Amino acid sequence: EAGVAQSPRYKIIEKRQSVAFWCNPISGHATLYWYQQILGQGPKLLIQFQNNGVVDDSQLPKDRFSAERLKGVDSTLKIQPAKLEDSAVYLCASSPVVAGELDIQYFGAGTRLSVL
Amino acid sequence: AQSVSQHNHHVILSEAASLELGCNYSYGGTVNLFWYVQYPGQHLQLLLKYFSGDPLVKGIKGFEAEFIKSKFSFNLRKPSVQWSDTAEYFCAVMGPYNNNDMRFGAGTRLTVKP
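Chains as they are written, first to last, in our numbering: chain A, 2 to 117; chain B, 82 to 195.
Hints listed in this document are in silico derivations from the structure and should not be mistaken for laboratory results. Predicted model, so just to flag it, every value in this text is computed and none were measured.
Under the rule of at most 25 Å between Cα atoms (straight-line distance), these lysine to aspartate or glutamate pairs were calculated in the DMTMM-like manner:
| # | chain 1 | residue 1 | chain 2 | residue 2 |
| --- | --- | --- | --- | --- |
| 1 | B | 139 | B | 182 |
| 2 | B | 130 | A | 57 |
| 3 | A | 63 | B | 182 |
| 4 | A | 72 | B | 182 |
| 5 | A | 12 | B | 169 |
| 6 | B | 150 | B | 101 |
| 7 | A | 79 | A | 57 |
Make a model of the complete structure from these sequences and hints.
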């Protein structure tokens, strides 16, 4: 079974530029998550999708971050404009059941973003 | 607010030593508990989980964890570590049914010296 795919693996940008990350979850997984992991900290949930609908985006800085999940499969996370404090690893995870039920999340390798 | 605390930032052990990594959470409701591991250069993967039932759960690679409800703890243990256990370990807590907000601890880096 293929895992969660993310691209790019690394991205370096200057502050105030825009950046986008892409995630392809495990086939058939209904729920998709984006996390931000700052160096020295655990992952922090940014947004959770169930199919193509948003379940929880309470921790997403909506003034600069946006995410979508077209057709309930792939997802993109965008930052516009980026700030220095956005430097982090952005993790995508997916789980096979409908949000609100207990299950296990499978993580991708992440995209490491450096904002200069 | 729900939070997860991992007591040790960095633990250094010799091979064959016993391991215990602490995890405490602050949440009043029913929770589901996880330990995830991230080996160098690899992605996060599930080590073990507790949803209900026997509070002593066994995971992969000889790891186990004990849920002590009265202490709000979910400590990870292994009787004899190997060099290949060198990794970062994250404790995570998921809220009750209808709330999939997963909160992670800051992580504990384990270094096992050969």
